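Spelled out from the first residue to the last, the chains are:
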Amino acid sequence: MFKIIKQLTSVVAMFAVLFAFSTETMAAKKSKTLENTKKRGFVRCGVSQGLPGFSNADESGNWTGIDVDVCRAVAAATLGDATKVKFTPLSAKERFTALTSGEIDILSRNTTWTLSRDADIGLTFVGVNFYDGQGFMVRKGSGIASTSEFKNGTSVCTNLGTTTELNMRDFFDSKGISYEPVVFEKADEVVAAYDAGRCDTYTTDKSGLAAQRTKLSAPDDHVVLPETISKEPLGPVVRQGDSVWEDIVRWSLNTMIEAEEYGVNSSNADMMKTSNNPAIKRLVGAEGELGAAFGLDNDWNLRIIKQVGNYGESYKRNIADTGILPDRGPNELWTKGGILYVPPAR
Amino acid sequence: MNNIIKKYIPQLLAILFVVLIFGFLTMNAQTNMDNRGIDFGFGFLSQESSFDVQFSLIEYSGSDSYARAFLVGLLNTLLVSFISIIICTILGVIIGVARLSSNYLIKNSAAWYVEFFRNIPLLLQIFFWYYAALRALPMPEKADAWFGVTYMTVKGYYIPAMVWENLNVFLYCGLAAIIAIIVLRNYANRLRDTQGKQIPVLIYSVALLIVLPLLSFLIGGVSLEFEIPELKKLSKISYIYEGGISLPPELIALVLALSLYTSTFVAECVRAGIEGVSKGQKEAAASVGLTPNQVLKLVIMPQALRIIIPPTTNQYLNLTKNSSLAAAIAYPDLVLVFAGTALMQTGKAIEIVSITMLTYLTISLTIAAIMNWYNKKIEIKEK
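Residue numbers (this note's numbering), protein chains in the order written: chain A, 5 to 350; chain B, 7 to 389.
Be aware that one or more of the hints could be misleading.
As the list claims (entries may be wrong) - Derived lysine to aspartate or glutamate pairs resembling EDC-like cross-links, with alpha carbons at most 20 Å apart:
| # | chain 1 | residue 1 | chain 2 | residue 2 |
| --- | --- | --- | --- | --- |
| 1 | B | K239 | A | E153 |
| 2 | B | K242 | A | D224 |
| 3 | A | K42 | A | D225 |
| 4 | A | K155 | B | E236 |
| 5 | B | K148 | A | D192 |
| 6 | B | K303 | B | E281 |
| 7 | B | K113 | B | E236 |
| 8 | A | K144 | B | E147 |
| 9 | B | K239 | B | E121 |
| 10 | A | K36 | B | D40 |
| 11 | B | K242 | A | D225 |
| 12 | A | K43 | A | D124 |
| 13 | A | K277 | A | E293 |
| 14 | B | K238 | A | E153 |
| 15 | A | K155 | B | D70 |
| 16 | A | K179 | B | D70 |
| 17 | A | K155 | A | D124 |
| 18 | B | K238 | B | E248 |
| 19 | B | K242 | A | D199 |
| 20 | A | K155 | B | E248 |
| 21 | B | K242 | A | E153 |
| 22 | A | K219 | A | D251 |
| 23 | A | K144 | A | E107 |
Hints listed in this document are in silico derivations from the structure and should not be mistaken for laboratory results. Quantities reported herein were computed from a predicted structural model and do not represent experimental measurements.
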C-alpha cells in the first residue's frame, strides 16, 4: 500500500509540474509577453550563431550587429536599458520552433519574410531591417564572372532550412543546369567545406556572402558574382497572437529608421526635444502620448535613439565600418535613393 | 476479491494516468497551436517539395512531393546504416577474436584499437573523417586512379557504373543458385543425420554461386559493360568526373566513423561471448577428437553466439540511431532532408517530428525483431 501512495505522489507531482507549465503558456495567450518580459527583467532574443554585421558575439560574449540592435531597441523601449537582452544563438533549423514554443520572444536572425512563413507557421513579421538578395560566391581563379557560366555538375554549398535551398532549385531548374546541393546545418560548416574545395560555389544572401567571406582562409581569392537571384527582405519576427508585443517590436525598428530620416541620433537626441518640428518632438517623446498605446511611458523612443542610435548609426557601426558592405545600396533611406520607408510615428 | 483489487487497481490507475497525461499534452499543444494559427494535418505530404537533394537512391527532383522526399531520406538512412552494420560486424569479429589471440602484438593492437575508437565521441570522429581525413584528398584533376578506373577525390569517390543488358535473367540465375544451395544444405543435413556421411557443402555452394550466373552470360544473353568516370572541366580551375557513380564524401566519412566506432563495441561483445564459453567445453571437444577448427565452429561459436547476439543487437540499434548525426556533415539522411529541410519549408514541426520518431522506432524494432528471430533460432533447444 505504501508503494501505491508513493507512486501516486510522484504522479501528482508530475501533474503539478505540467500545470505550472500550462499557466506559463496560457499567459502568452492573453498577450502578456510584455508583462512577462518586465517581470523577467530582460528581453529574450533569438539571433544567429555568428554572422558578422548582423549578429555576432566577440570573445567576451558581447553581441553586436544590426539584428542585435533591434532587440536592444526593444529592451531600451520596454525595460529602459538596451543591455537587458538575453541572446539565444539559433540555427536556421531551430529558429521558428524556438519562437513558436515560447523559448524566445523576438527572432531577429536575418530571416526572410515570405508568405508561407508569415501565414502558415504561427509567426508574424513586423518589418524589414535589411533588404537582401541571394547571390553566389566563387573562386577568383575559376574565371567565372556570371552565373550563366555555371555548368552541369556544379556542386553548391549552402545552409539548411533557408529560402536559399528553394531559390537555388528555382534558379538551376530554370536554367536547365544539373547541380549537387551540399547542405549543412551550421554556417561555419558551410564555410569550412567551401574553403576545402568541396564545392565550386557558395550561395546564400549576398550580405551573408560578404560577411562569411571574411572567415575564409584567403578572402581575396573569392568573389561574389554580380547577379542577384531572389528578393530577401530580412526582418524581425514575433509569435502570432500578441498584437501589442508585435507593435512594440515593429515601432522600435521604425523609430530607428525614422530617427535617421529626421537626423536624430544618439548624441543629439536630448537637444531635439526643443526642436521646432513636431514630428521630431514626437520622435523623442517631447510631444504626444505615443507610448501609451503599447503600455509604455513617453520616453520609450527617446531611449531607443539614445542607447542604440538610429538605423544609419547602427548600419555604419556594424556593416559599413566592418568592411562587410560599405555601400548601403537599397538599404538607404527613401529620401536618398534607397527603399527604406517607414510609416510615420504619430 | 481483495487480491484482484490489489492486482489490477494500480495497473488501471497507471493506464489512466498515462492516458490523462497524453490527453493533457495533446490538448495543451492543440490550444497553443490554435492560438498561434498553426494548422495540424498531414496534407503537406502530397505537396510539391520544391527543394533538391544531393544524393538519392531513387529518382527525385524538386517537383516531387514531400512524401517522396521522406522516402529519399529514409533510404539514405537505411543505406548508411546497412553498409555500416556490415562493416562494423566484420571488423568487430576480427578485432574481438584478435583480442583473444596469444600473439602479444595482435592482442595489444586490438586492445588499443578498441580503447581508442570507443572513447572518442562519435560526432568528433565524424568531423575528423569528413574535415581532416577526406579533405586531405586531392582535387579531381589531381587524383590518381585507384585500380585504374576509380578516383578518390575531395568531391567524392568516383567508380565505374555497371550498364546491364538482360539484368533480370542474371538476377533469376542468382536466385536459382540460392534456392539450389538451400536444397543442397537440407539434403546434406539429412544425409548426415541418416547415414552419417558428410559432403563439402561450402565448396558446392560457392561453385553454384559462380557457375549459374556465369551461365547466364554465356547462354542467357546477359552482358555487362562499365561506364568509366571521365574528367570534365567546369571552369578554369574546377573539375569533376562525369559518368559512372559518385559516392559523396559525406557518405564515406559517415560510414567510416559509424563502423569504426561501433566495431569496437561489437568486438567487445564477441570477446565476451567467446570468453563466456567455459574452458571445459573446449577441452571436452578436443578430447573427442575434433580439430581446432571444428572445435571453434561446432562447439565454441554456437554457444558464444547466444551470448554475443543480444548485446550486438543493441549496437546495431545504436548505430542506426547514431546515423542521424549525418546532418552535421551534409549527408542527406532522414533527419537532414525530412526533419530538416522539409520541416523548415512547411513549418509542420509536430507532424514531421512525430513521423520521424515513428520511423526510427519502426527501423529499430524491425532490426530488433530480426535479431530476436535469429537469437531464437540459435538458442538451446531443450529436448
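- Message: Of all the hints numbered above, which does this structure not satisfy? Sort the numbers upward.
- Response: 3, 5, 7, 9, 12, 15, 17, 22, 23
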